[in-house]
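Residue 273 in UniProt numbering sits at position 273 of the sequence shown; the count goes up by one each step and never skips.
Calculated directly from the structure, the hints in this document are not laboratory data.
Computed from a prediction, not measured in an experiment: that's the story for all the values here.
Even glycine gets a Cβ: it sits at the ideal position worked out from N, Cα and C.
One or more of the hints may lead you astray.
Claimed, not checked - Ranges of calculated distance between the beta carbons of each label pair, as one might list FRET restraints:
no.: 1; residue 1: SER88; residue 2: GLN190; range: 32 to 42 Å
no.: 2; residue 1: PRO84; residue 2: TYR28; range: 40 to 50 Å
no.: 3; residue 1: GLU156; residue 2: LYS209; range: 20 to 30 Å
no.: 4; residue 1: GLU23; residue 2: LYS217; range: 39 to 49 Å
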Amino acid sequence: MNPYLTNLSKEEKIERLITLLKEENPGYASLAEPADAAGKRRLLRTLMNVRWPGEISAEYQTLQDSLLQEESKERGIVSIKELPTAASLYPCTKIKNADRITLWQGDITRLSADAIVNAANSQLLGCFVPCHGCIDNVIHSAAGVQLRNECARLMEAQGHDEPVGKAKITSGYNLPAKHVIHTVGPIVGQEVTDRQREELRSCYLSCLKLAAKQGLKTIAFCCISTGEFHFPNKEAAQIALQTIDTCLSVLDLSRVVINVFKEEDFHIYKNLFEEQIVSWKI
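Start from the sequences and build out the full structure, keeping to the hints where you can.
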C-alpha cells in the first residue's frame, strides 16, 4: 500500500477519488463539484453507485480502501460476539434457540461477523440509484466497488438473473464482515401470496445453509423484503424468526443476528421474543 496515498487527509482522498472516477467517464468532465466536504463525499458515493462493473486502478483501490476503512472505524465496529443474546434479554422467551439469536438495532455495515446478508435485486449488482437508502446501496457503498465487480463475475458465470429465494456469497472487502451473502426476496403487490411466503422463507433458509456450508459461525440478517419490496413487517418477522429458530436446531452456527434499523421492526421482534406461547401465524 502506497504510504503517500494513505497519508493524505480524508478530504484529499475524496477529491482524488472523484477525479479518478470522472476520468473514467468523459461524460462526467463538466460535472460541478460541491465546495463543502459533505457535498464532495455525497458526490463520491454517487459516482461509486452509478459506476458500471470494471477493473479499477491500483491508485483508486488504495485510496478508496483507506477512506472506507477510516470511515468504518469512525462509525464504530461492533463485534457480534459481544452482543447479548435474546435469551439473556428476554429470559422468559419460548424461542428454542434464543441463546444463539441476537436482536440488534443499528447499521449493519458496523457489524464484525463472518457474514452479513444483503437484500439484493435480481441482477445482483447493487443499487445504481445515487445515494439511495436501501440496504443494497448502503452495503455496496461501504464495501467499495470491488463488491460490484465480484457480483458481476458471479452473474456472468451464472448467465441469468438470480432467482428469488436463493443465495450467493462474496467477500466483504472494506466491511468489518468477512463476507456478504446476497439473497433476492419476493416483491409484494397488494397482498402477500403463499408463494411469496415460501420464497421469503427460502431466502433465510438458503442464507443459513450457505453460511454453514462455508464453515461460517456468525451471520447477521437485515429485514429481507420489508423495505422497497413491501413485504408486511410483522409477517416477515414471523417467517424470519421461525426459520432461523428451526435451522439453528440442525445447523452448526454459533450466533445469528437479526438486524433491524427501524423502531417499528425492533418492537415487532421484541414482542415475538416476549410472547409466552409461540404460535406462528404464517
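Tell me the hint numbers this structure goes against, listed in increasing order. none
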